[in-house]
Structures are given as C-alpha cells and as structure tokens.
Amino acid sequence: MSATTTNLNNKANGNSAPPVRKRNSLAKGKLPKWAIWAIAAGSIVLGAAASTLTGFNVASFAIYSAIIFLIAASVITTVVEGKRRGKNAMWTYLIYAAFIVALIPLASVLYTVLQKGLPGINSHFLFSSMNGVTGAVDNQTVANGEPVIGGAYHAVMGTLLITLWATLISVPVGMLTAVYLVEYGQGKALSKAITFFVDVMTGIPSIVAGLFAAALFGIILGPNARMGIVAAVALSVLMIPTVVRSTEEMLKIVPNELREASFALGVRRWRTILKVVIPTAISGIASGVTLAIARVIGETAPILVTAGIASNINLNVFANWMSTLPTFIYYQILTPTSPTNVDPSVQRAWAAALLLILMVMALNLIARLVASIFAPKKGR
Amino acid sequence: MAKRIDVNDLNVYYSKFLAVEGVSINIEPKSVTAFIGPSGCGKSTFLRTLNRMHEVIPGGRVEGQVLLDGDDLYGAGVDPVTVRSQIGMVFQRPNPFPTMSIKDNVLAGVKLNGTKISRSDADDLVEKSLRGANLWNEVKDRLDKPGSGLSGGQQQRLCIARTIAVKPDVILMDEPCSALDPISTLAIEDLINELKSDYTVVIVTHNMQQAARVSDKTAFFNIAGTGKPGKLIEFNDTTAIFSNPEQKATEDYVSGRFG
Ligand SMILES: Nc1ncnc2c1ncn2[C@@H]1O[C@H](COP(=O)(O)OP(=O)(O)OP(=O)(O)O)[C@@H](O)[C@H]1O
Ligand SMILES: [Mg+2]
Chain Y
15 MSATTTNLNN
25 KANGNSAPPV
35 RKRNSLAKGK
45 LPKWAIWAIA
55 AGSIVLGAAA
65 STLTGFNVAS
75 FAIYSAIIFL
85 IAASVITTVV
95 EGKRRGKNAM
105 WTYLIYAAFI
115 VALIPLASVL
125 YTVLQKGLPG
135 INSHFLFSSM
145 NGVTGAVDNQ
155 TVANGEPVIG
165 GAYHAVMGTL
175 LITLWATLIS
185 VPVGMLTAVY
195 LVEYGQGKAL
205 SKAITFFVDV
215 MTGIPSIVAG
225 LFAAALFGII
235 LGPNARMGIV
245 AAVALSVLMI
255 PTVVRSTEEM
265 LKIVPNELRE
275 ASFALGVRRW
285 RTILKVVIPT
295 AISGIASGVT
305 LAIARVIGET
315 APILVTAGIA
325 SNINLNVFAN
335 WMSTLPTFIY
345 YQILTPTSPT
355 NVDPSVQRAW
365 AAALLLILMV
375 MALNLIARLV
385 ASIFAPKKGR
Chain C
61 MAKRIDVNDL
71 NVYYSKFLAV
81 EGVSINIEPK
91 SVTAFIGPSG
101 CGKSTFLRTL
111 NRMHEVIPGG
121 RVEGQVLLDG
131 DDLYGAGVDP
141 VTVRSQIGMV
151 FQRPNPFPTM
161 SIKDNVLAGV
171 KLNGTKISRS
181 DADDLVEKSL
191 RGANLWNEVK
201 DRLDKPGSGL
211 SGGQQQRLCI
221 ARTIAVKPDV
231 ILMDEPCSAL
241 DPISTLAIED
251 LINELKSDYT
261 VVIVTHNMQQ
271 AARVSDKTAF
281 FNIAGTGKPG
291 KLIEFNDTTA
301 IFSNPEQKAT
311 EDYVSGRFG
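Going down the list, the sequences are from chains Y and C. According to my numbering, the residues represented by the first sequence are 15 to 394, in order. According to my numbering, the residues represented by the second sequence are 61 to 319, in order.
Mixed in with the good hints there might be a few duds.
The calculated lysine-lysine pairs, modelled on DSS-like cross-linking and capped at a C-alpha distance of 25 Å, are [stated by the list, open to error]:
{"id": "1", "chain 1": "C", "residue 1": "K188", "chain 2": "C", "residue 2": "K227"}
{"id": "2", "chain 1": "Y", "residue 1": "K202", "chain 2": "C", "residue 2": "K76"}
{"id": "3", "chain 1": "C", "residue 1": "K76", "chain 2": "Y", "residue 2": "K206"}
Everything labelled a hint here was simulated from the structure, so no lab data went into it.
Assemble the whole structure, with the sequences as input and the hints as a guide.
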C-alpha cells in the first residue's frame with residue numbers, strides 16, 4: 015500500500031522532476047493532502063449515524079465524530095506513513111481537540127454576553143445613571159413598550175476611578191517591594207519574610223481584603239465609612255502581591271552583566287536600577303501591572319462592603335457611596351428595580367457585563383501595546 | 061592620564077573561600093599588562109579587585125592593598141563609585157545596554173550619572189570615543205539605532221568606546237576577544253596598542269599569541285589544585301616570559317606542556 019501511494023505521488027510531481035529520475039530513497043509513503051479531509055468527512059457521516067442510533071443531539075454528534083476521526087486518522091496514518099508519523103498525527107489531533115474544548119466555554123460566554131448584552135447598549139445606557147429610575151419607571155416603559163430607561167454611566171466611572179486609585183496605590187508599593195527583593199535584599203532575613211507574606215497575601219480571599227479595608231477605615235473614620243478610596247485600598251491589597259510577583263520575575267531576568275556594565279562605568283546602584291534595570295524590564299512590568307488590573311476590575315464582594323452601592327453619579331472617591339460595574343450587575347440581578355417587571359433590569363445587567371468584558375479586553379490589548387512600545391529595541 | 065597600580069600582598073575571598081592568595085604586582089602607567097594562566101586560577105577574580113567590582117558579588121571581599129598612584133582603593137572612606145569611574149572595565153561578553161541607541165550607549169557613563177552635557181559636547185564625545193574604539197566609520201550613519209543591532213565584534217568595540225568615554229585612568233579587559241572572530245580580534249588588538257599611549261591597560265587572555273602580540277609585561281597565574289588559592293607565579297617582560305621564563309611552571313604553560 016505504501017508503495018502505491020509513493021508512485022502516485024511521484025506521478026503527480028513528475029512534471030517538474032528531471033526526466034531520468036531515480037526514486038528518492040529518502041521519501042517514504044505519504045498520505046495525499048485530500049486524504050485527511052476525506053477522513054474528516056467520513057467521520058462526520060459516521061458520527062451522525064452513531065448519534066442517531068442513540069437519539070440525535072449536537073453534543074453526542076460532535077463527540078462521536080471527533081472520536082471516530084481521531085482513531086481513523088491515526089490508524090490510517092500509521093498504516094500508510096509508518097508508526098512514528100501515526101503517533102505524531104494522533105497527538106497533533108488530540109492537541110487540536112484539547113484546544114477546541116478549551117475554546118468552547120470562552121466562545122459560548124462571549125456569544126451569550128453579546129447576544130444578551132448588545133440590545134441594551136446605546137448612548138442612553140452609556141451616558142446616564144440610574145438616578146431617579148424606580149420600579150414605577152420600569153413598569154411604565156414595559157407597559158408602553160418603550161426603550162429601557164437608566165444606564166451604567168455611574169458604574170463605569172466608579173469602576174474606572176476605583177481601579178485607577180487601586181493602581182496608583184499598588185504600583186509604587188509593589189514595584190518598590192520587588193526592587194528591594196531583587197536588588198537589595200538577596201539572602202536577607204527581611205526579604206525572606208516579605209516573600210513569605212506576599213505569598214500569603216496572594217491567597218487572601220477578596221471578601222477578606224474588603225473587610226480589612228472597611229475595618230481599617232472604620233477605625234480611622236468611624237463605622238460606615240464607605241467610599242471609593244476604601245474600595246481602592248481593598249483592591250490594592252489584592253493587586254500588590256501580583257504586582258510584586260510579576261515585577262520580581264521581570265527584574266530577575268535582567269542579565270547581571272548589564273548591572274555590572276553600569277557599575278563599571280562608575281554609576282551608583284540606585285541610578286543603575288532606575289536607568290538600566292527597570293527600563294530593560296519595563297515592558298514585562300507594564301504588562302504584569304495591566305494583568306493585575308484586569309484581575310481586580312471584576313471584583314464584586316470587596317466593593318460592596320467598602321464602597322456600598324449608588325444609583326447616582328459620584329466622581330469623588332473620598333466621599334459617599336459608589337457603584338462599579340460588578341456591583342451594578344449584582345444588584346440589578348439580585349434586587350431588580352421593579353420586582354414585577356424584571357426584564358429591564360436583566361437587560362441592564364447583561365449590557366453592563368458586556369461593558370465589563372470589553373474593558374478587560376481593552377486592558378489586555380493595552381498590555382500588549384505597552385509591552386511592544388517599551389520592549390528593548392531591536393534591528394539595525 | 062594614565063596612572064600606575066601597585067598591589068601589595070592581596071588576598072581575595074568569596075565568603076570563606078580564598079580564591080587568590082598573596083599577589084603583589086606593580087603595573088606601570090601607559091603599558092599593557094597581560095594576565096595568563098589556566099582556567100579557574102583567579103585571573104578574573106583578581107582583575108575585578110582592581111576596580112572594586114569584586115565586592116559586587118555577595119560575599120566578595122579582599123585583604124591587602126591596591127594603590128592607584130599611591131592612593132589605597134580599599135582605604136577607609138573610599139567610595140567604590142569613584143574608583144570605578146577612574147578604572148574602567150570591558151567584559152568578556154559584549155554587553156551594550158539593550159534599551160539604548162549606539163549614541164546613548166557611548167554616553168551611558170555620563171547620562172546614567174545624571175551629568176548635564178551640552179548637545180555639541182555630547183556629539184564631540186561620541187565621535188571621539190567611537191573613533192578611539194575604531195568604530196566610528198562603521199556606525200556614524202546609524203548612531204540612533206539600537207546598540208544590540210551591531211555584530212559581536214562591533215558591540216565589543218562599542219563597549220570599549222563606552223568605557224573610554226568616561227575618561228578613565230586605567231582600562232581592565234577580561235578576555236575581550238574570546239567571543240570574537242579573528243578579524244575583530246585583530247581590530248581590538250590594534251586598538252589596545254593605540255590605547256596604550258593614553259591609558260594603563262590590563263588584559264586577561266587565554267590566547268598566548270595575543271599576550272605576546274599586545275602586552276609589554278605578562279603575569280602568569282597558577283593554581284596548585286582544585287580548592288587551592290590561585291597565586292601569581294611569575295611577572296616579567298613579555299619577551300622574557302615567553303622566551304626564557306624563570307619558573308618551570310611558566311615554561312610548561314607557555315610551551316603548552318601544561319596538564
Ligand atoms: N561568584 C563566585 N562565587 C564563588 N566562587 C567563585 C565565583 N566566581 C569564581 N569563583 C571561584 O574563584 C576561582 C577563580 O575563578 P576565576 O573566575 O577568577 O578564574 P579565571 O582564572 O578567570 O578562569 P577562566 O580563565 O576560566 O576565566 C575559581 O575556583 C572559581 O570557582
Ligand atoms: Mg575569567
């Protein structure tokens with residue numbers, strides 16, 4: 015069988031080959047390109063048949079087809095191309111399968127959020143708050159079939175402000191800690207203690223961080239001191255360990271040669287760190303920070319206990335309650351504005367969820383952009 | 061302005077490990093001194109004590125005296141930063157700063173220290189240093205391109221330019237040609253010959269011919285066995301070391317009869 019395929023191949027390529035051509039002894043039998051598609055088509059047909067036997071549904075159809083394809087493709091490749099290539103084919107297709115399985119939840123989340131969130135996204139939703147939107151308003155819009163009133167502007171601004179302040183707190187603290195750990199504290203007892211506590215901090219449940227911040231400000235400002243900055247402190251408790259860890263890793267991979275080169279020029283240690291080490295590592299640090307932001311931007315529980323919930327626009331993090339997108343979603347779903355007509359609230363919640371996902375995606379894109387802008391320059 | 065270096069009975073440690081023992085050597089200004097010896101005998105370690113780079117390594121310390129024109133580098137109250145700005149160093153592997161352009165690499169010693177320098181002075185310094193390192197003609201059209209885009213030999217000459225831009229009195233080089241091709245090696249050897257007229261140069265090399273070609277004096281270091289400290293065996297004019305050494309060990313090493 016293998017010989018036949020080789021001959022076919024040789025014939026197909028014959029036009030371009032020199033006239034008197036010995037058979038290439040290095041070339042082994044190889045499946046033609048179309049074969050894999052034929053196997054795929056066959057597997058789908060067989061998969062459909064098998065699925066129909068047990069009462070057709072999409073899931074079993076996909077699973078049966080995939081299994082049949084995997085077995086058929088690896089067996090046929092083994093027979094035609096040999097054992098090694100057969101194994102290679104099997105693992106290749108297994109890895110593709112794993113990739114597709116991993117993508118399914120992501121795709122379905124995106125699909126659901128887009129499907130349910132898009133109808134609620136309009137300029138009214140983006141640029142107005144929930145101020146004055148009561149159950150009666152919702153009941154009326156539903157009764158009259160009018161577009162939903164009330165938006166998430168206050169929550170978007172709350173998310174942006176609280177995350178901004180959390181970043182302003184955690185980046186300096188986290189970066190300085192990492193600089194100490196890598197550049198000054200090597201092998202010292204203090205740096206071992208810091209590393210230990212940073213590890214412990216990484217595991218703190220977010221609600222505990224929220225309670226901590228609330229309690230801390232409670233001591234200073236009295237109970238019920240809820241405002242944006244308290245939430246920012248809670249979030250920075252969650253962010254700092256991530257920033258420390260990622261900065262530390264990035265500083266560690268800066269080659270020691272660069273530090274020595276700088277020292278040998280008579281440059282002081284702190285200047286070396288500031289002007290050689292950190293610039294070399296900045297792209298990694300920046301993307302680490304952005305990912306840390308992306309992690310805390312969706313926190314709900316610590317915000318509820320620190321900044322409360324608000325339906326009006328509040329741009330001052332130092333006074334009064336604030337909403338963020340996650341708490342907005344939580345409240346719209348848990349306590350719909352109109353208990354009898356929940357549809358407007360559900361629509362607002364999904365639209366806010368879509369906004370939140372878009373914000374996180376934008377952050378990830380920014381992280382890549384920042385990384386490529388700061389990356390050490392290459393080329394001539 | 062070249063200066064002389066006198067070392068008196070220097071011991072060099074890594075924590076408790078004595079790596080180099082009892083070295084005394086006098087290095088003349090405006091001369092090239094080569095350090096040769098088998099791997100692990102402490103040439104790099106000793107070289108790095110000459111500009112206080114040794115103590116950058118955790119646990120690194122020395123006993124003894126190193127005098128730069130009579131001033132003890134290790135005296136009380138001496139700032140290692142001052143020492144390093146007077147005694148420059150070129151490393152085995154070229155290490156230009158990846159975030160900086162060719163020009164900024166040359167100016168690194170000035171800029172990293174935050175010293176203000178006018179545009180025209182900076183341009184002059186860049187040209188002079190790059191000419192001094194025989195690199196000007198190759199890079200004058202792309203001074204703003206990254207230094208990491210140069211070939212290995214060009215990068216090494218860039219590192220030399222960077223070192224001479226801070227106008228040191230002494231230049232230390234640790235196997236500066238070991239990562240380079242023969243042509244770049246020749247370029248750097250020529251350069252060392254030129255540097256001699258302004259600087260005191262100390263070079264570590266594994267290449268006997270190179271030591272013979274570039275140096276006025278040669279120091280042979282050796283080690284009695286693993287875990288033993290390295291010692292200075294013989295220090296003399298290069299011609300003497302290579303033609304009629306006083307010590308048996310030196311003769312064995314330079315004639316290639318070494319283990
Ligand atoms: N960072 C360090 N910590 C501990 N010991 C070290 C360190 N660096 C070097 N040593 C030890 O010091 C001794 C001398 O090493 P050194 O690097 O000076 O040798 P060398 O003569 O430069 O060798 P080579 O020719 O291979 O470069 C060796 O025994 C080495 O193991
Ligand atoms: Mg060495």
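Structure-based check of all given hints:
Taking the CA atoms of K188 (chain C) and K227 (chain C), the gap is about 11 Å. The hint holds against a cut of 25 Å. At roughly 18 Å between alpha-carbon atoms, K202 (chain Y) and K76 (chain C) fall within 25 Å of each other, so this suggested pair holds. For the hint linking K76 (chain C) to K206 (chain Y), the alpha-carbon distance of about 23 Å falls within 25 Å, and the restraint holds.
When each numbered hint is compared with the structure, no violation occurs for any of them.
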